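Undergrad: Given chain A, work out where chain B should sit, using these hints.
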Amino acid sequence: MISRPLILTLLALLPLAVGCGDYQAEFVHDERVEELQKSSPVAAVNVRGILAEHFGSPNTLVAWGALPIDFGEISGTVLSSTDINTLRIALDSDPPGRLGRVAVVLGTKTPHNRLAADYDAANRTLRLVPQDGAAAVAPGTTIRLIGHNLQAGRRLFMQHCMHCHGVTGDGNGPTARYIANHRLNPRPRDYRRGLFKFTSTKNGFYASRDDLRRTITQGLAGTYMPSFLLMETEELDAIVEYVRFLAMRGEVERRLLDHLKDLMPTADGKPPADLKSLEKELAVDGFAEAFADAASLVAENWSNAELPENSVNPSQARLPDTATSRLKGRNLFISTKINCAKCHGEGGRGNGAFLGDFQKNPETQQNYETPGLRDAWHNMIRPRNLTSGVYRGGRRPLDVFRRVTAGIKATPMAGFATLPEEDRWHLVNYVLSIPIDGAFFDEHGHQYHGGTNPHADHDHSDGHSHETPHATDDSQPKDSSPADSRTTKPVPTKSAQDKKTQP
Amino acid sequence: MTLTQRTVTLATLASLAVTSTGLLVGCGEGASATPTITYKPGGDTADTNGEPVTQIDGTGTLTGTIKLVGTAPTPTVIVARGTAKRDPSVCGAATAIVDQSLVVGTGNGIANVFIYIDKTPPGATVPPVPTAEAFFDQKGCVFVPHALVVRTGQTLLIKSQDDAGHNTHTYPGRSRSFNGAIKALERDGLPIVYNKHERLPFPVKCDMHTWMQAFHLALDHPWGTLTKDDGSFELKDLPATDLTLRVWHERAGGKGGFLKRSLKVTIKKGETSAQDLEFQLSDFGL
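From first to last, the protein sequence lines are chains A and B.
Going by this note's numbering, the first residue of the first sequence is number 1, and it counts up by one from there.
Going by this note's numbering, the first residue of the second sequence is number 1, and it counts up by one from there.
Mixed in with the good hints, there may be bad ones.
Label pairs and their in silico Cβ distance ranges [claimed, not checked]:
#1 VAL126/B to TRP377/A: 46 to 56 Å
#2 LYS269/B to GLU289/A: 26 to 36 Å
#3 LYS261/A to PRO122/B: 20 to 30 Å
#4 LEU286/B to ILE436/A: 50 to 60 Å
#5 SER273/B to GLY372/A: 45 to 55 Å
#6 ARG187/B to ARG48/A: 48 to 58 Å
If we take Cβ atoms under 7 Å as the criterion, some of the chain A residues that face chain B in the derived model are [unchecked claim]:
#7 ALA103
#8 VAL105
#9 ILE146
#10 GLN359
If you are wondering where the hints come from, they were derived from the structure by calculation, not from laboratory data.
Bear in mind the structure is a predicted one, so any value in this text is a computation, not a measurement.
Glycine included, C-beta positions come from ideal geometry on N, C-alpha and C.
Chain A extracted, bound-state conformation:
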């Protein structure tokens, strides 16, 4: 019989035995690389190789200058060299920390790349990692230390983000499976399409750095994405750059695999008929060009997101939040001319009629197996329940204005930039009023929350009364049912309703 103390001791020792192993984080390839391996090993090897060459692995990252990423760079001049691996240098700005293991680029015409071991700021001494065939460095040589920001981003990402978003940024970290099973919450974002939902940019444009920073500091309300408001600015900046790095890596891989699509096994699992000629065309002769094209597209898209002209900014301030404005918003909301209510429901509960329709998968042209709206990752998504007061992309009026104007990227939520700006503000005023005052308007232009006694919850001190009974709540999905004319017929806008004061 084993004694209890022994069991306890063994249990206590278990963590030591399990230990850390030889844990080496690696970027996971898109699953299509495995598929490609079956029909065209050459192509699969080339994909792995070119990605490793330009992006590296989590422990040996490549700062590739073709990408619009702030890797962190400090330049300076070599003052003298004690030996081939020890330099005294003058830097143009103060380095953050020890600068260990960042890239060192010496000279300009024929630059010579080394790796920093560490930097002693007090003595301005940079030690380099010994390297075969390294040349002596003359005083006066320019020096660039590259990558401290990427390095910090990687380190922080592994501490704070990887659990959900995965080492690769594929949204498939160890915790993700538990979130994915939870129907009410979205999966962690898979960065590899370059698509982020909540942005300040126009329809079709990527997320700006500020957008990612806002998501990280504020979190996404109503989801598992928490707020990291307590991080230092430099830490946030480093994480933002690393997220962009992972997104760019993933999208370049994705585009490269799209280019190689015709080399994938056919439906019966066999290689394509004309494999050899296709392989030569796509995976050999045209491969470098396709990679360069993918990278330049991705770089351009991320750069464009930073340009001020591509962000959504109203030309006029928010219109006063009056009853008239809300009512105009309500009438737009239920109008079949723009169809907000068809997704969000007439009562704003996110239960509109369109949820009952089968959407087509744009990649296969076949209907999805179940009805409902889908995002670009083919996940089932719900339109926002506007009665809850929880807005994932932010609750400032500007946030809602941007959502209405540019839509939500990678989802069926379209941009309504075609509406006049004042109409979009009316919609904002109405949408923001729903959780407090209700989605419905009665014939007097008063808001209420629906239900059997719609008038119980508002002010009757002006002496008005209601003679007509009201229909029931809209908690079930339904189409614009003609039976419920109350909710489908726009309520006339009367200026007299403006007297109602708003919170």
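TA: What follows is chain B alone, placed relative to chain A:
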């Protein structure tokens, strides 16, 4: 405290101490170790070979017909007249909505086949982008036309003849995507531009009316067209040289793809060459 209890307590304390040591020693650096950064300069794009490109002299025309061998399946009625689940007063109100994914017309000609040059041949002179707008409309909750070729950078006006809201959601491969609401009876047209050359036609959807689907192709040259209802096509002013054309259809292989990946043709200056193609039902996954 009995002896046994004391032993247990001591053992627990000892093991806790050992565990804490383990935690303090930690797991080495592991995943949070400082990664090594290496630098790779940008601008190492595919080097252009320095050979001078000779200008292609003259242009020619290619015509032809694309036909189906066998009996075309009867197109499925998606929404019978007056029975639309959504916006029934508009969608399919005048005529039934019929599946347009394989339109076979007179003489078994296949409509809406994309025929285009993927990459501009070296030495070809590319005419400027037309200043005239292209149009994309919707009528009775059907996109008109069902298939469209435009130039990169050309303004495409999205219109609607329907008294119901729509959204136009594009899925281009290289250009910026677009998902914008189109107001009821939008006659001015909402302008969009495909900013990049596309290698393949791509779907365009309306999320509000899920049967609505069309295909667009944006090219940075004018050498792309569609077959008409009788399956005929004509490509004018093609550079007079050896060309490789793509022949693409939304039902090829069942889910969209090349009917012919590389159609080699030789265009001679001032001449018209003909190229007729036939495809089997099995080419469409039927």
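Undergrad: Would you mind marking each hint as holding or not holding in the structure?
TA: Structure-based check of all given hints:
The given range of 46 to 56 Å is broken by VAL126/B and TRP377/A, whose C-beta atoms sit roughly 37 Å from each other. With their beta carbons about 29 Å apart, LYS269/B and GLU289/A fall inside the hinted range of 26 to 36 Å. In this structure the supplied range 20 to 30 Å holds for LYS261/A paired with PRO122/B, their Cβ-Cβ distance being about 25 Å. Restraint check, LEU286/B to ILE436/A: a C-beta distance of roughly 57 Å satisfies the suggested window 50 to 60 Å.
As the Cβ distance of SER273/B to GLY372/A is approximately 50 Å, the hint placing it in 45 to 55 Å holds. Under the hint 48 to 58 Å, the C-beta atoms of ARG187/B and ARG48/A, about 52 Å apart, fit the expected range. For the restraint placing ALA103/A at the interface with chain B, the shortest Cβ-Cβ distance is roughly 4 Å, inside the 7 Å limit, so the hint holds. Given the 7 Å rule on beta carbons, the hint for VAL105/A holds: about 6 Å separates it from the nearest Cβ of chain B.
A distance limit of 7 Å between C-beta atoms decides the matter here; for ILE146/A the minimum to chain B is near 5 Å, and the interface restraint holds. Evaluation of the GLN359/A hint against chain B yields a held restraint, the C-beta minimum of about 5 Å falling below 7 Å.
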